[in-house]
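Work out the full structure: start from the sequences and follow the hints.
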Amino acid sequence: MISNVRSINEDVKSIPQFQSTIAKVCTVFTLISFMSTNCDSTTVLTKDKYYSSVVSSESEVVKFTTNTTSEMNVYNSVLDYKKYKNFGTLKVIEALQSNWNGYGADSFSVDLISKVREFVVSAVIQPDIFPTARDSIQIEYEKDNGDYLEFEFFENGEIKKFFYGSQGETDTQYISFECLNGEIDTFYGRKI
Amino acid sequence: MDEKFKDDELLLRAVWPPTKRPDFWKSNGKISSAALKVKNGLSVNRTAHLTLEEAVNFTASRLNGSIVSISVKSCSFVNAFVKYAPSNDNEFHSEIYGNKEQDALSDEQAFVLAKEAKLVYRPNAEYII
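So the sequences go chain by chain: A and B.
For any residue, its number in this note's numbering is found by taking its place in the first sequence, counting from 1, and adding 4.
For any residue, its number in this note's numbering is found by taking its place in the second sequence, counting from 1, and adding 110.
One thing to keep in mind: the hints can contain errors.
As the list claims (entries may be wrong) - Label pairs and their computed distance ranges (CB to CB):
1) A:I179 <-> B:P196: 34 to 44 Å
2) A:Q101 <-> B:S197: 17 to 27 Å
3) B:N150 <-> A:D189: 29 to 39 Å
4) A:N185 <-> B:D112: 47 to 57 Å
5) B:K183 <-> A:D110: 29 to 39 Å
6) A:Y107 <-> B:K183: 18 to 28 Å
7) B:S197 <-> A:F181: 32 to 42 Å
8) B:H159 <-> A:E122: 43 to 53 Å
9) B:N209 <-> A:E173: 18 to 28 Å
Derived by calculation from the structure, the hints in this document are not laboratory data.
None of these values were measured; they are calculated from a predicted model.
All C-beta atoms in this analysis are idealised placements derived from N, C-alpha and C, irrespective of residue type, glycine included.
Here is the structure:
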């Protein structure tokens, strides 16, 4: 956005310069995007038919693609690596077929995936995400001192919280979606 | 085969390795308790009279993924119930329940057992133990 333009006349005079500047910025951006697309990464996280993610360890720019049968989407994000990693995990979980664990586990509904994705979008701190074989998706937080917090999202819409403290204390209860971030803040001792 | 389990007997469970998505492995190298959460009994293969290597070979021939071991002692520690449940094609098949009433493992039981579980086999690799 151009700033400090004080008069229409100055606006008229500055437009060609502005356009030139924008063109340069776009060129640079395009060039960076192109180079990022074609550069070898230092770390390949995973690469399979569901998705691939490439992380540049220097810039932490994450490029994430999801391959579907009919389209390819590309997401670019700076710094929010964990969130996009979790989007990828959910994409993989969504694609799981029956008996995905070799022991007869069922696949997951679109509604459940959407609910967990909604949480990922709004979570104050990104968790680790794992599927279970009892029609639920589990998200986890763990501190260095051993304190552990999990939320289990069930197909029936319920969300169960389980806390295991480093001293062996536990707490299990069903909670609402709206309370999740508050629980996370409490767990990490963050001021709301 | 004896229906009773000795404390030092191991129970083997196949878990997807971190190289295959989705994975159950946490950054500290332990499995998530999610890997042990099932609707009913947690299916495992007991080692019984086999050596660990023989039991791992048997399990790996039937299931994909890494293999973790859970000791019967750990199950006793969390008051889980281990039931010998052989099938026509698997004389070592057993199940871990949350109690003698054969409810599923609780969150706490799954959490503790996951912490105690040890990786004993990784595909395309030698035995870990």
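Here is how each hint holds up against the structure:
Taking 34 to 44 Å as the suggested C-beta distance range, the pair A:I179 and B:P196 conforms, at roughly 41 Å. Our hint of 17 to 27 Å for A:Q101 and B:S197 holds, since their Cβ atoms are close to 23 Å apart. Range check, B:N150 to A:D189: Cβ separation about 36 Å, and the 29 to 39 Å hint holds. At about 51 Å, the CB distance of A:N185 to B:D112 agrees with the hint of 47 to 57 Å.
A C-beta distance of roughly 32 Å is found between B:K183 and A:D110, which places it inside the suggested range of 29 to 39 Å. Our hint of 18 to 28 Å for A:Y107 and B:K183 holds, since their Cβ atoms are close to 23 Å apart. The hint said 32 to 42 Å for the Cβ distance between B:S197 and A:F181, and at roughly 41 Å that hint holds. Between B:H159 and A:E122 the C-beta distance comes to about 51 Å, which sits within the given range of 43 to 53 Å.
The supplied range of 18 to 28 Å is met by B:N209 and A:E173, whose beta-carbon atoms lie about 21 Å from each other.
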